[in-house]
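Residue numbers (our numbering), protein chains in the order written: chain W, 669 to 811; chain R, 669 to 811; chain F, -9 to 410; chain A, -9 to 410.
There's no promise every hint is true.
Restricting the straight-line Cα-Cα distance to at most 27 Å, the calculated cross-link-like pairs of lysine-lysine (DSS-like) are [unchecked claim]:
id : chain 1 : residue 1 : chain 2 : residue 2
1  : W       : 747       : W       : 793
2  : R       : 793       : F       : 239
3  : R       : 793       : R       : 747
4  : A       : 239       : W       : 793
I should point out that these hints are in silico values taken from the structure, not numbers from a laboratory.
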Amino acid sequence: MSDLESLYREVILDHSRHPEGRGDVSGFAVTHHELNPSCGDEITLGLSVEDGVVTELAWEGQGCSISMASASVMSGLLKGADVEAARALIDDFRTMLRSPGVEPPERLEDAAAFQGVARYVMRVKCAMLGWVAAEACLLRAVG
Amino acid sequence: MSDLESLYREVILDHSRHPEGRGDVSGFAVTHHELNPSCGDEITLGLSVEDGVVTELAWEGQGCSISMASASVMSGLLKGADVEAARALIDDFRTMLRSPGVEPPERLEDAAAFQGVARYVMRVKCAMLGWVAAEACLLRAVG
Amino acid sequence: MNTLQARVRDDFPFLAAHPHRAYLDSAATSQRPRQVIDAEAAFVAADYAAVHRGSSMATGAATQAFEDARARVASFVGGAPDEIVWAENATDAINMVALGMSDAALGLGCDDARARFGLGPGDEIVVTEAEHHANLIPWQRLAARTGATLRWAAVDDDGLWGIDDLAAVVTDRTRVIAFAHVSNVTGLVAPVADVVALARRVGALTVLDACQSVPHHPVDFSVLGVDFAAFSAHKMLGPTGIGALWGRKDLLDLLPPARTGGSTITTVTMESAQFLPAPYRFEAGTQPVSQAVGFAAASDFLREIGMPAVAAHEHEITGLLVDAVAAVEGVRLIGAALGAERGPLVSFVVEGVHAHDVGQFLDDRGVTVRTGHHCAQPLHRRLGVAATTRASAYVYTDAEEVARFAAALTEVRPFFGADR
Amino acid sequence: MNTLQARVRDDFPFLAAHPHRAYLDSAATSQRPRQVIDAEAAFVAADYAAVHRGSSMATGAATQAFEDARARVASFVGGAPDEIVWAENATDAINMVALGMSDAALGLGCDDARARFGLGPGDEIVVTEAEHHANLIPWQRLAARTGATLRWAAVDDDGLWGIDDLAAVVTDRTRVIAFAHVSNVTGLVAPVADVVALARRVGALTVLDACQSVPHHPVDFSVLGVDFAAFSAHKMLGPTGIGALWGRKDLLDLLPPARTGGSTITTVTMESAQFLPAPYRFEAGTQPVSQAVGFAAASDFLREIGMPAVAAHEHEITGLLVDAVAAVEGVRLIGAALGAERGPLVSFVVEGVHAHDVGQFLDDRGVTVRTGHHCAQPLHRRLGVAATTRASAYVYTDAEEVARFAAALTEVRPFFGADR
Ligand SMILES: Cc1ncc(COP(=O)(O)O)c(C=O)c1O
Ligand SMILES: Cc1ncc(COP(=O)(O)O)c(C=O)c1O
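Let the hints inform the model, and build the full structure from the sequences given.
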């Protein structure tokens, strides 16, 4: 697998073409807007927490395939997760992006496809965009 | 003769210790203040022109031996000179300071002692201080 | 042409270190030839000392090298030495003018300075919608400080503007017109003579952002007739850390210095300071001395090749770049109407593929390009895109590099499945 | 000690190029070791590209080198990476604070910025009479822009001040206290802890001019407790063209950027711009990228020797310098009361001989010193002299050089006949 193919795994390209969780965020009590000023990529994420579980999640945004696919994969992972687990997943994802060559934990599932991003420092922020927004929403929702 | 001795000719040291022309400038119709901002040396020169001749000249100031001696030597040369000759002397002096190694014209008399300054770019301004003030006064006095 | 560029390429250590890479990002920053690196290193190793301070021989030698560098850079742009002010970069140079005008309005200069530069409510500053942030935000801030109004020439759907677009917003209240000589996104070459004529008619000052012109073709500011101009060394084979403001001497002498400190003054008391004439009034603190030596070496390097030869070479390369982009289906060239009559760059949008992904793909194919808004967000907003991809050339760019770019570009949409 | 300095001297091409010269002007600017020259040259030859722009690998490598440099310089002064803002020099760094405060007063920042930084009539800015022009004029200008009043701690006949002199002018209206950590003329080390305590009592900000401290002894700004501090690379073995502003992160994030342009922003419209948090909000345009790499190499070089060892070596040399000046009849040492407890420099007046002539004589004897007002005219006026001569040392200065200086100094008055 070439470097480029390890960056743009098929699952990433698929998610970027058919993003999950994309939708109207205006109805959410908690939303967060995250911008990557160096490239203009942006995302607005909304989520609901009930009884310690992320019950609903949606996002709007525009950006490169990495940032869009990453938000899409994340949506599937976080929806239905309890808050602790969601936070742990966000940490795992961040750790993976900072650790080129280290095998990611299995619970990251499809998100492990972003492993190749770690070798591209300038793209780490793209991959993190949605996750940072989710982190901010969780903080707002449950403190 | 060492470089230093060619810079500080005996005549220069003499003039700096016993300056000619130093005196009150408050009575002159035309005066000019000249400052070398890089070192703080300054001179205020006054002169009178009658019938195309520099009849009176005096200066006040403080500075290094080069600037003070140069003003002193200049005083002797310009006093009594007609305006054309005074201007020519100023030009000669400036040319000498810009032409290291070139023999200066005889009419510069004692001012030729400043020949060695040409090799010290940072001191050229010192040597010119009084002469620039005189030039400005002449311009003011006769246009 | 090819002989020029083959001879030139050998002088660039960076190109030698990356033989399999096409560096097509010179509009962002250029590489330095060994002549520049060596000139700076030699100066540092043998002649470095404080400049314009004290009277030692070491200071004398360093000061001479520093002022000699100023004279060489000045003559490169048709200026006199005392019309060149060193700045940190071109952005800093533009800010010097805008911040100086702010201080003039506040009465920190003399009365003449206030009359010439002091804006107030009702006065207008004019820019274009295509400006780099460096030539936009400083004017927004000047307007905010003084109560003046910022107006702008609108660009068309393709990011281009003409003298009529500018004339439409210039009035008798226009006090400054600031515009880029060459756009870093569209490559548009501004009609400088027309703008200057327009400005003179209404008594406005002209400030030229010459970042993308001075490196690429012969420029003589005194002939262009503008009042101020800014450019950067790092875009013309020189070091980072230095740029220059060129200005008409009478205006520079009048403009209050916003950044103040040592070496800018004649007399300082605890209460106030008197400033030297230009350029020294603006050069506060220890200057980028060895960078000035490198900057001058870069201008010598270009002068030796000859700016007409540089422009001719780049014109040929630009034609190849335009052709490369035009050849690919689903790729939109920004400012297509300009053809090859543009600065040596092409910005484009690949349908269905975000610019970052385009850039990443090309990078993987050994082609360095720039992606993003290129510090021109308003222009990109007007173009209806968040980001474009830009390929840009310089004197060392060769046809083979453009061919590599062209080949890689054809693969982008298929790779991302955007052609399906 | 001697082994330290012998080992160190070999690293300086300038010293090798001038084996018969004693370079005693490091307080003005220092020489660069080959480690610094080489680090910058290697970066330029292999890794140079645009920083923080675009997504290419080249950009990534250059950005990493640039940010890594920031982290190393930050840790050298006890700061976090995002507390370090690159500037053109220390003068620029001080101006960033003063100009940012001007903009805060004009409402160009947020409301919090105006509350924290916005001065007005009745507010007071306090400096000392001993300041370098770089830490005086920017505050004069801030006062002029805002209507605030500039006050100053008076120095004694020998140019020295103590905390009581400062306390005498600090009031409840004091909003800023700006002072040098170490004076570049007297060598006085300021009582930083006392000043910080005083400032906190009245709620004033502290701005430390650390130009002459950071190069010479261990400095940790977070421990010192000041709010802002400025220093320059070229005084600490690094390149010209770069300095740094250190600041408390919460304050930096609040301070409006006076110099604006590309890379400082989040969103820009034609009407206005939103700025990034610190440090990026202040870094407009292409930064001194290769100089940052050189700056970090310089800090590594010093760290490797160890700042306590640097300070110990310089303390010994300072003792020799003080003795050399004290030994000559008719020579007045400025700040004599400090003895060797001072920055590594001695400024002095030779009775009957103008400083320029002193400097010239020493220069001829192979000793480079600095003459003039050292950008401190008010202090010199207070000392009753137009100019002084200053000899200053650094890590590479050896006892033999001081001996040469001492010997030459004894000859000055006889040569000019001032002893008769
Ligand atoms: C005490 C002090 N402050 C400020 C400066 C200004 O530093 P720079 O010229 O690097 O801006 C200097 C050096 O000249 C200095 O010694
Ligand atoms: C048109 C234009 N203006 C201004 C700038 C800013 O130049 P610098 O970053 O050297 O200050 C650039 C380059 O980025 C540019 O292309």
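query: For this structure, which hints from the list above don't hold up?
result: none
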